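K.L.:
Listed here are the chains, written in short residue letters.
Protein chains: 2
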Amino acid sequence: MKILLKTLALCVMAGSMVAQAEPLVIQEQGSFSAGGTVITAAGTFDAKKPLEPAGQTYHGDHASVFYQIPENPHTYPIVMLHGAGQSSRTWQTTPDGREGFQNIFLRRGFSTYVVDQPRRGAAGRSTVDATLTAKADEQLWFNQFRVGVWPDYFKDVQFSHDKAALNQYFRQMTPNTGPFDLNVISDAMSAVVDKSGPAILFTHSQGGGPGWYTAIKNDKVKAIVAFEPGSGFVFPQAEMPAPMPSAFDTLKGEPVPMEQFMALTKIPVLIIYGDNIPDKPVAMPAQDSWRVRLAMAREWRDVVNKHGGDVTVTHLPEVGIKGNTHFPFSDLNNVQVADVVSQFLKEKKLE
Amino acid sequence: MKILLKTLALCVMAGSMVAQAEPLVIQEQGSFSAGGTVITAAGTFDAKKPLEPAGQTYHGDHASVFYQIPENPHTYPIVMLHGAGQSSRTWQTTPDGREGFQNIFLRRGFSTYVVDQPRRGAAGRSTVDATLTAKADEQLWFNQFRVGVWPDYFKDVQFSHDKAALNQYFRQMTPNTGPFDLNVISDAMSAVVDKSGPAILFTHSQGGGPGWYTAIKNDKVKAIVAFEPGSGFVFPQAEMPAPMPSAFDTLKGEPVPMEQFMALTKIPVLIIYGDNIPDKPVAMPAQDSWRVRLAMAREWRDVVNKHGGDVTVTHLPEVGIKGNTHFPFSDLNNVQVADVVSQFLKEKKLE
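Chains as they are written, first to last, in the UniProt record's numbering: chain A, 1 to 351; chain B, 1 to 351.
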């Protein structure tokens with residue numbers, strides 16, 4: 001009996017190991033740039049004076065994309081746009097070394113397009129100059145991303161306490177190589193979905209704003225899943241929300257013409273926020289900033305839905321999913337979070 | 001008979017289509033950072049003043065890596081380091097949309113690790129500040145990378161004349177986000193091969209120098225294939241070559257202690273140069289710069305081999321492979337170039 005149980009345990013272990021080790025079958029993968037602009041310097045190029053800009057060109061402000069198409073993919077690929085200080089790596093391996101949403105959704109049969117937005121990562125050529133400084137700021141991010149209040153982790157936070165995980169987390173940040181420009185980014189993202197074909201758009205944080213504008217600019221965006229959008233909520237001029245002050249900043253809506261706003265009423269939208277967001281004002285800037293962002297998302301949901309839209313705001317603790325940071329898609333329970341997303345995609349017939 | 005031939009033609013077509021469309025079977029894939037350093041600002045962090053650097057950290061100068069492990073891989077993975085102004089995208093889709101060396105060598109059974117070196121691409125956090133300017137410079141690169149002499153392509157150049165290909169080519173460039181530092185890069189590359197395990201290193205152009213230093217620093221580098229190394233040739237102090245003047249610059253060797261130099265005699269090295277490199281001085285800087293680089297590579301080969309090394313310099317036109325640019329691994333005939341590399345790896349028992 002003891003041997004039988006041991007054998008059984010080994011089989012279960014072997015089973016879960018096989019499940020983990022199931023290979024990805026990729027029909028096609030590669031990279032490309034999309035969108036962007038070209039600057040041409042006045043004058044005539046002289047091949048003997050190659051360091052003179054005269055007559056030379058400069059291609060910049062494009063997005064850079066790595067895509068993978070699994071065998072027999074679902075109709076719509078998923079295009080994934082990172083947040084502030086991040087790149088396509090946001091969606092890859094988690095800080096503690098597990099699979100991120102790139103692999104998880106490939107395994108669930110979706111083509112994935114992970115993007116570096118214009119002026120970030122591999123899409124570094126910016127048409128506007130920039131100065132980059134090595135400013136120490138990681139305790140700010142630890143707090144702002146709701147891992148905890150430095151040096152303490154939130155109780156039961158879905159983030160590994162392993163030092164190596166924090167090292168990887170900080171090192172996955174990468175700076176702007178030019179000014180953040182919502183219009184430049186949404187233009188390039190629109191070019192990305194022209195290349196991918198009709199797609200589901202995942203956005204994170206600062207990527208939320210460019211995400212709404214991408215859907216306004218291109219009806220190939222068939223749905224949006226926005227993780228913790230931090231700004232850029234667009235409202236019709238006549239229905240602008242009152243500014244929302246917090247201990248961090250004052251959050252405002254952004255006015256757009258009604259016909260632009262209406263584009264957002266035509267597609268299903270899921271907005272997901274994690275845990276440790278207070279519901280009443282608190283003195284800590286990092287927490288209080290998310291209080292007003294969640295409140296703004298709910299106000300936005302109500303206005304879009306009033307105009308016939310289909311926006312859901314899921315505050316994860318309210319559906320029993322606890323401890324999530326600002327990065328629910330790479331938190332320790334990211335498979336559970338992926339299940340929430342999959343359920344949404346299934347309900348909206350996007351699988 | 002006509003029908004039989006048609007059927008045969010269809011079968012051949014179907015056969016080649018199937019060959020193209022063969023899926024990649026990936027046992028594991030993901031991303032990580034390797035190496036780097038940490039700066040800590042003096043003082044004590046105050047969570048209420050998160051924009052003050054006091055007491056905060058900054059992780060920078062690491063490499064960023066995307067890796068893929070196929071089913072039943074060869075013993076040694078291939079670590080791929082880009083050249084100046086490039087990123088890991090160098091090894092991915094070619095400018096004209098075909099598979100690059102990442103896919104080609106995955107298909108040939110190698111795990112691949114494509115790297116963004118410190119201060120480039122997704123590894124953007126530099127511990128040293130930088131100013132980035134949108135300087136028009138692409139006709140310089142068109143010439144320097146030996147696509148042609150702008151606006152003319154070299155006759156029979158292995159580069160698509162399609163405008164879209166040139167657009168992608170220019171847009172795959174991405175700037176330094178901090179000063180180029182051979183020591184910082186080779187430190188991070190050494191950390192990459194610690195993570196990958198004993199590996200074959202592919203380098204390109206400016207990556208050549210850091211490649212030699214990586215092998216000096218870490219004996220897990222089991223072989224190097226250097227595509228058109230442009231600088232950083234290391235020699236024993238007593239055997240430094242004479243400086244080599246060209247219409248572009250004066251190329252010099254770099255002195256290293258004998259025991260460091262000797263590390264490069266312990267591993268097989270293949271150096272590959274493409275076409276349109278003159279063998280006598282010419283006035284055009286772009287061409288003349290490569291004349292001295294090829295000459296320096298040959299001198300380096302002779303010195304390493306004199307000390308018991310195993311360096312081969314393959315100038316592709318000399319083995320009948322014509323029209324290659326500075327990017328043989330993404331040129332139109334890159335499968336043929338991959339065959340040259342595979343032959344080398346086979347001979348050196350590295351498959």
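Heads up, a few of these hints could be off.
Which copy is meant is left open, because identical chains are indistinguishable; a pair holds if it fits in one copy or across any two.
Straight-line distance between alpha carbons at most 16 angstroms, and here's what the computed EDC-like set of lysine to aspartate or glutamate pairs gives [unchecked claim]: (1) K195 x E347; (2) K155 x E351; (3) K349 x D310; (4) K222 x E351; (5) K322 x D156; (6) K48 x D152; (7) K155 x D310; (8) K220 x D249.
Hints in this document: simulated from the structure, not taken from any laboratory. Just so you know, these numbers come straight off a predicted model, no measurement behind them.
K.L.:
List, from low to high, the hint numbers that the structure doesn't satisfy.
P.N.:
1, 2, 7 and 8
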